[in-house]
Amino acid sequence: MSSRSTALALSSLAMLLGLATSVPAIAAEKSLNVGYNDSLSGPGAVFGLPQQRAIQIAVDEVNSAGGIKVDADNYKITLITNDDKANPTEATNSVRKLIDRDNVKFLIGFCCSGPTSAVASFIGGEDVLMLVGTAAEKSITTRGNSNLFRNRPPGDFTGAAAGRFIASKGIKKLAVIGALDAALYNQYLAALKAEFEKLGGQIIATESAGLGDRDMTAQLTKIKGLNPDGLFVEIYVEQAAFIYRQANELGLKVPTFGFHGGSEEQFLRVLSSEQMEGVYDLRPTELTLAALGPGATKFAESYKKRFGENPAPNTGYAYDGIYILKAAIEKAGSVDVKKVTAAMASMNVPNDVVLKYLPVDGKLFDQNGQAYITNGAFQWRNGKWTFVSELPSDTRAYSDALSAARASKNPIK
Amino acid sequence: MPGAAEILQQIVNGTVIGSVYVLIALGLTVIFGILGVAHFAHGSVAMFGGYLTFWISQKYGLSLYPAMILAVPFGAALGVILELFAYRPVRNAAPINAFIVALGLTMLVDRLNMLLFGPDQLVIRTPYNGVYEIGSIAVSELRIQVVVVTVVMLCLIGYLISHTSAGRAVRAVAQNPYAATLMGIDVNWVSLLIFAVSSALGVVAGALIGALLALAPGVGENLVIKGFAILILGGLGSIPGAIIGGLTLGISEALAAGLLSSAYKDVIAFMIMIIVILVRPQGLLGRE
Amino acid sequence: MKISGGQSFTLAAFALLGALPYLAFTPYTIQLATIALMWVLMAQGLNVIQGETGYVSIAQAGFMGVGAYASVLLVQRYGFPVWGAMLIAPLAASLLAAIIGFPSLRVKGHYFAIVTLAYNLVIFITLSNAVSITGGEGGLSGIPRPESLELPYFGAVSFRNRINYYYLTFLIAALGYLGAWLISRSAFGRILRAIRQNEPLAEAVGVNCRRYKLTAFVISATYAGVAGVLYAHMIGFINPTPFAPDASLNTILAVIVGGSGTVAGPAVGAFMATFLPEFLRVDESTRFIAYGLILIVATIYLPRGLVPAIAEGIAALSVRFRLSGSPHARQKPSSG
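Same order as they appear, the protein sequences are chains A, B and C. Everything in the first sequence is counted per numbering that gives the first Met the number 0, starting at 0 for the first residue and increasing by one. Everything in the second sequence is counted per numbering that gives the first Met the number 0, starting at 0 for the first residue and increasing by one. Everything in the third sequence is counted per numbering that gives the first Met the number 0, starting at 0 for the first residue and increasing by one.
Calculated directly from the structure, the hints in this document are not laboratory data. Ideal Cβ positions, reconstructed from N, Cα and C, are used throughout, including at glycine. It cannot be assumed that every hint is accurate.
[Claimed, not checked] Derived Cβ-Cβ restraints for the label pairs, each shown as a range:
hint, chain 1, residue 1, chain 2, residue 2, range
1, A, Arg395, C, Ala12, 48 to 54 Å
2, C, Pro102, B, Leu83, 33 to 39 Å
3, A, Ala404, B, Gly2, 39 to 45 Å
4, A, Asp126, B, Leu83, 34 to 40 Å
5, C, Arg210, B, Asp185, 43 to 49 Å
[Said to hold, decoys possible] Stretch-level coverage of chain B by chain A, calculated; a stretch enters the list once three of its residues show a Cβ under 8 Å from a Cβ in chain A:
hint, stretch
6, 6-13
7, 125-132
8, 262-276
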């Protein structure tokens, strides 16, 4: 054979080999099991069920767009769902089941603080990644777990900004009523009080109500007798509605501020729009379409079309959770849980999320695995919650305080 | 220190909620006093009545009172069914068995309510939002109506007991079941009647709670526990005891929350129960 | 020593449980079994006041909570070593039971049950509201396991190991079971049953019923306190939720369905209550409806519970088998 034909044959062979190895016959379609644990029944369902719906929408969107691309593989997300019934023991069992029996490496959901805290107390020793949604208790991210991330800011992150806002409205004597046994609310209040008092205000009454109470006339009567010039209400939506109604019935008419979220429908079931007029809600902007971008509007429309009602404010955390996981896997270029965890700890704010995050040092999560979203003031005007303004919040200072809290705890390992 | 106006306001608040307590306690005391059954499921039956009232008012566009009146026979029927199928089989067994049956019924009726009406809280909306102000005391129209309805129900029951033959039969069984049987009174029938009337009272209480506050899982249990606290306070089987006990509890709760601490408001009922047991186990107006 | 049928069954069950970690496949099953054993303690304790003495107590979960929080607070606030705290904490439940039982056992049957429900609620509300001490609804986290032990044969035993904690719980549950068995066979147990059958008569014969009832109540609470301690140090996190009256009702269910008044019954009931929901994948509402129906049906038709019913059933079957199969019928029909 001549050297030229050998060269031709060899190069053709090389070309063929090159083609064969660079073009996969079919892109491999794989399944990524993601463990979804949430409070789908019991008292937590009011937060858990909306999360479930939001996650379903996100998962369907991701899967129909081809799944998560890792090298040549497309991973379709398969959710394995467990209900923890807002009970810490159930949550521990359910997560154990997901890890041991179903071999999941990624956990999402977690709307309620009690069950989530239970899981957070042992998850550090497991080879999984846990992404927490609505659960707001502060210590969930100060426990020293490097594999736990949360995109919902703790209560006191908003509390401080709220304290400044209330002071800015000229309130000097504030009366407080709330579910003060819940960590979310007492942490919020502690931060609010610190800022409010710094600016010269005084909290003249602190009344508490149980999370199941609906008759707060006694506490409101006591508050009325102390002549406050402002009222602050922090409790679940359903009870807040009763507080507003009863305050009206008792003739307690002062500027009113709240921390409870809730849609217009939820309030109008209990009291009239006139009785609500002027009430402020000071909370993370969460899923408030007026304050967010077109992605949020699109999500709200899909939700309403599929489930027949407006999405609850906390649905944003759950929806974003799926996209954050997707972005982290894509950044890591792998579904290996350690690599994804490292990617999540260092990622920027991804594109497909609907909530407005405040990056810390350019990253989505701070060194505690905590993400932050903007805080906003909303006011009830003519039957609708109207977005008034963003509440300025100091993310860097808060994040540092959180790290200090984390470092001060003895690592329990 | 709270002024007289504030205390008076608390008392007014307490009287309103106390009236609902009275309705519940009345149903309980009649069943417990005459039939010896601790009908723990009474709260759930009351909730059923309230939920049904809500449903009727939504479906047929009726307001609170007409819907409530329509719901009463169904609530009474539920009470009768419970008596026939659950309590009667254990009537002659140890009393504790009836109590355990009652616990089981509570779980059952509660969950049935949840399946039928959903787990979310339901509020019966009324147009009675007007607020009357007498001096510095404010009370809404609806709250005044609650007290009035309770008084009406009390008069009704009083009339039934003292002026009808059925009432006479009930009184006879209350005094002495054996003698009553000898006199030809069918104790079975009287039992059904007692359960029917108590459950009817429960429906009214449930509807009023649904309008005043809300219907939700857990509300029923809360009410019935307070009902039993009232029974212990006022004396088993004593109707005046139920009335005085109910009002006392309502007012005590309001005053305690107002003057002491609101966090432990519910605990007042239990404190009262415990103190009464320590000091006067037969209650304020009890017989034994 | 001749072992009866029932006793050999019990021994077999013990052997099975003892070997469980080597038979079961996942940490999840071990966890579930550990929790079931805690419920065995709860049910056995309840059986003493309810099954033997006849006074239904709806406060068992409340006492569990007292034990749990006492232990955790001793460790976290007062720096007690974990073993020390675990040993002392159940006494908090005992003490509380003695204090609240003293006036409450004056009243009869259903009164008493309702009052205990009130106590459970008071405990629950207090745990939820005393935020500075108990952390309220947010709870207490980072609860440590007991310190490792140096055992002669096994060497260093760490209780962070799930299997070792299972054996610890198994050992304590076995001791509890033994205790319940001893109570049942003793004079004390006989007197309790006499009180259940006919209290006025017992009183008339000279028994100080108050003292016996109170002792039974304190024993029940202590069992619950021990269960609470084991629970807290296993899960690593507690909040008031598991100690609500719901859990007390579950315990009552376990005792009644299993067989109140027997020794094995509550244990069987506890295991059923823990494992059945795993096998019956039904939603919460259906499960509670089933519980309610079971309670009602069991009380009406099987008032003594499952274990006695099964035992009777087996006994009846074996008698029939023996009579029909025996070639030497004892009863010879008289001639004529």
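Going through the hints against the structure:
Between arginine 395 (chain A) and alanine 12 (chain C) the beta carbons are some 60 Å apart, a value that contradicts the proposed interval 48 to 54 Å. Distance hint check for proline 102 (chain C) and leucine 83 (chain B): the Cβ-Cβ separation is about 37 Å, which falls inside the suggested range of 33 to 39 Å. For alanine 404 (chain A) and glycine 2 (chain B), the hinted distance range of 39 to 45 Å is satisfied, since their beta carbons lie about 44 Å from each other. About 58 Å separates the C-beta atoms of aspartate 126 (chain A) and leucine 83 (chain B), a value inconsistent with the hinted range of 34 to 40 Å.
Taking 43 to 49 Å as the suggested C-beta distance range, the pair arginine 210 (chain C) and aspartate 185 (chain B) conforms, at roughly 44 Å. For the stretch 6-13 of chain B, the stated coverage by chain A is satisfied: 4 residues place a CB nearer than 8 Å to a CB of that chain, which reaches the threshold of 3. Counting residues of the stretch 125-132 of chain B whose CB lies closer than 8 Å to any CB of chain A gives 3, which reaches the minimum of 3, so the coverage claim holds. As drawn, the stretch 262-276 of chain B meets chain A at 3 residues by the rule of a beta-carbon pair under 8 Å; at three or more, the given contact holds.
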